[in-house]
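With the hints as your guide, set chain P onto chain A.
Residue-level listing of the chains:
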Amino acid sequence: MSDSQQVIASTTRGFDQPALDFQPKLHHTIFETRALKSGFLTGLTWIAALLASVPLFSVIYMLLIEGGSRLSWETLTALPPSAFDVGGGFGNAIVGTVVMVGIATLVSVPLGIFAAVYLAILEPNGKLSHTVRFLAKVLTGFPSILAGVFVYAVMVVTMKTYSALAGGVALAVLMLPTVVLAAEQAMTMVPKKMKDAAYGMGCTRAQMIWKVVIPTGAPGILTGVMLAIAGAAGNSAPLLFTALFSDYYLRSLTEPAASLAILIFNFSGMPYENQIQLAWAASLVLVLIVLVFNILARIIGRQKY
Amino acid sequence: MNANPEMMVANTAPAHNDVVMDCQLEKVFYGDFLAVRDSKVPIEKHQITGFIGPSGCGKSTVLRSLNRMNDLIPIFRFEGKVSYHGQDIYDKKVDPVVVRRYIGMVFQQPNPFAMSIYDNVAFGLRLNGFKGNLDERVEKALQGAAIWNEVKDKLKNSGLSLSGGQQQRLCIARAIATEPDVLLMDEPCSALDPIATRRVEELMIELKGQYTIALVTHNMQQAMRVADTTAFFGVDISKGSRTGYLVEMGPTKKIFEEPEQQLTREYVRGEFS
Numbered sequence: 042m043s044d045s046q047q048v049i050a051s052t053t054r055g056f057d058q059p060a061l062d063f064q065p066k067l068h069h070t071i072f073e074t075r076a077l078k079s080g081f082l083t084g085l086t087w088i089a090a091l092l093a094s095v096p097l098f099s100v101i102y103m104l105l106i107e108g109g110s111r112l113s114w115e116t117l118t119a120l121p122p123s124a125f126d127v128g129g130g131f132g133n134a135i136v137g138t139v140v141m142v143g144i145a146t147l148v149s150v151p152l153g154i155f156a157a158v159y160l161a162i163l164e165p166n167g168k169l170s171h172t173v174r175f176l177a178k179v180l181t182g183f184p185s186i187l188a189g190v191f192v193y194a195v196m197v198v199t200m201k202t203y204s205a206l207a208g209g210v211a212l213a214v215l216m217l218p219t220v221v222l223a224a225e226q227a228m229t230m231v232p233k234k235m236k237d238a239a240y241g242m243g244c245t246r247a248q249m250i251w252k253v254v255i256p257t258g259a260p261g262i263l264t265g266v267m268l269a270i271a272g273a274a275g276n277s278a279p280l281l282f283t284a285l286f287s288d289y290y291l292r293s294l295t296e297p298a299a300s301l302a303i304l305i306f307n308f309s310g311m312p313y314e315n316q317i318q319l320a321w322a323a324s325l326v327l328v329l330i331v332l333v334f335n336i337l338a339r340i341i342g343r344q345k346y
Numbered sequence: 166m167n168a169n170p171e172m173m174v175a176n177t178a179p180a181h182n183d184v185v186m187d188c189q190l191e192k193v194f195y196g197d198f199l200a201v202r203d204s205k206v207p208i209e210k211h212q213i214t215g216f217i218g219p220s221g222c223g224k225s226t227v228l229r230s231l232n233r234m235n236d237l238i239p240i241f242r243f244e245g246k247v248s249y250h251g252q253d254i255y256d257k258k259v260d261p262v263v264v265r266r267y268i269g270m271v272f273q274q275p276n277p278f279a280m281s282i283y284d285n286v287a288f289g290l291r292l293n294g295f296k297g298n299l300d301e302r303v304e305k306a307l308q309g310a311a312i313w314n315e316v317k318d319k320l321k322n323s324g325l326s327l328s329g330g331q332q333q334r335l336c337i338a339r340a341i342a343t344e345p346d347v348l349l350m351d352e353p354c355s356a357l358d359p360i361a362t363r364r365v366e367e368l369m370i371e372l373k374g375q376y377t378i379a380l381v382t383h384n385m386q387q388a389m390r391v392a393d394t395t396a397f398f399g400v401d402i403s404k405g406s407r408t409g410y411l412v413e414m415g416p417t418k419k420i421f422e423e424p425e426q427q428l429t430r431e432y433v434r435g436e437f438s
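Going down the list, the sequences are from chains A and P. Quick note: the first sequence uses this note's numbering, first residue 42, plus one each step. Quick note: the second sequence uses this note's numbering, first residue 166, plus one each step.
These are calculated hints, taken from the structure and not from any lab test. One should not assume that every hint holds.
[To be verified] Which residues of chain P face chain A? A few of them, derived with a C-beta cut under 7 Å, are: (1) 211; (2) 265; (3) 279; (4) 283; (5) 294; (6) 298; (7) 323.
[To be verified] To spell it out: a stretch of chain P is covered by chain A in this simulated footprint if at least three of its residues, at any positions, have a beta carbon under 8 Å from a beta carbon of chain A; those stretches are: (8) 285 to 292; (9) 330 to 338.
Even glycine gets a Cβ: it sits at the ideal position worked out from N, Cα and C.
So here's chain A without its partners, still in its complex pose (with noise of 0.2 Å):
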């Protein structure tokens, strides 16, 4: 206390006359308790990020081992193998995920990107907007299986067949509230001088949206589609009663499907070594399918202006 009063009335002394033998001390000291938390607690979060990086990497890791070095031109190609063969694949499983991706992607992004402009643009405070936000917010913690059992009711028994389309419907129920969310949050960041710029230059309301604002919010329209790609390619809870299975080439989209997903799920827990391996396989070509995605859409999203 003393000290302080003092610092001040010497500084404050400086101020109207030069004091030459004022010296204020400026150094480090070393064990200062200010100081000694300070560096506490950078330690702290220093550990906190690398144990937050463990999981991920221990995952990528195992599977570049176990899986690295079973993939092969073969494995990327081939049916999957019955109980004791040796070699196949999971190509049909590859084609069935992509497949049903690109439709939830085909059905969910449009659908978001629309209902998405209403929340952002048209009514952001009206009832409606207030209800469907709060429900996305709900959808995007729903337990992915209900999906499955949703479209399962609505889909698969109106259908008579587990389908490629009920699966891709399933992924995409999962994918809507993520791409809505994301595509709202994007848009209404767009500073509101850009709007009314676009009206100043004689825009209609929807010229001002599709020239101005969608442009403007595209890469995080993208950032927020590309997460619900990566989240529906490696969900298999919504196919298992949409899409099921098939040992064979996706040939209509109307007939069951493979995916990824349930080949992984199926063949880890089987007490052959060679499906285990090529369960592992499959895991990280799913980690790399999703990881080529993202890196492609950070490309054509860049923000270039």
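Quick look at chain P alone, frame taken from chain A:
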């Protein structure tokens, strides 16, 4: 104190009396709040009409009423008439979107789009389905806005990469690319430093040869430097509210040197703000 707009209009006796926009604002509301009342502001061809006045006097509201930008505010209500080449722009049959294509606007904050410099300028032309030589028109607009030499080698760069003053001139280029009839400028220099302000002011004087300009400014020196005619708005706080109204309008020299109203005199001498 009590301005008589009729008289003031009669006093604006310039040589060219070609009124492009005859603005007669009776009452302008935001919800129940009466923002502006009883203001007649004729805007003459190839002139810069400056709007000055203290904060909250409604000068920006008046300006934004002239191209129906205020229609974007749901609680906005306009009573009166804005006669543009003889047509009331507040007529029910008038499409505000079309009005804004004839009466362009430059905003207080530079607001280029997140696009290249070229696309910013071409935006309005493409919007209007322009079929001619786009490159030529973009260059012409950038030259008109005195920014061509600074950006001609980087037309593909982002409009947002420019400095504040350049961004504002880019916005002016974007506004004049479609060759509008009237340009409304809402404190275009308030976010700029003195050097950039100087350039934009010089530009306004060049542009008035081709366009009609209405300029809101907080800066009285700016009004003195560039405006041909100046409209002084005051705030009426008598009824417990703050309502802006036109106190006096006339040739800039007269408003600053020998205004008729006591209020104007006090304001331009800095005795009241």
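Status of the hints after comparison with the structure:
1. Interface hint status for residue 211 of chain P: violated, as the beta-carbon distance to the closest one in chain A is roughly 22 Å, over 7 Å.
2. With a least beta-carbon distance of about 4 Å to chain A, the hint placing residue 265 of chain P at the interface is held under the 7 Å criterion.
3. Of the supplied interface hints, the one on residue 279 of chain P holds, with its beta-carbon coming within about 5 Å of a beta-carbon of chain A, less than 7 Å.
4. Residue-level restraint check for residue 283 of chain P is violated (minimum Cβ-Cβ distance to chain A is 11 Å; threshold 7 Å).
5. About 12 Å separates the beta-carbon of residue 294 of chain P from the nearest beta-carbon of chain A, more than 7 Å, and the hint is not met.
6. Annotation: residue 298 of chain P was flagged as interfacial toward chain A, and the flag is violated, the nearest CB pair being 20 Å apart, outside 7 Å.
7. Hint status for residue 323 of chain P relative to chain A: holds, with the closest Cβ pair at about 4 Å, below 7 Å.
8. Coverage of the region 285 to 292 of chain P by chain A holds [criterion: at least 3 residues with CB-CB distance below 8 Å; count 3].
9. Given a C-beta distance limit of less than 8 Å, the hint that chain A covers the region 330 to 338 of chain P is violated, as 1 residues qualify and 3 are needed.
Of the hints listed earlier, those the structure fails to meet are numbers 1, 4, 5, 6 and 9, in rising order.
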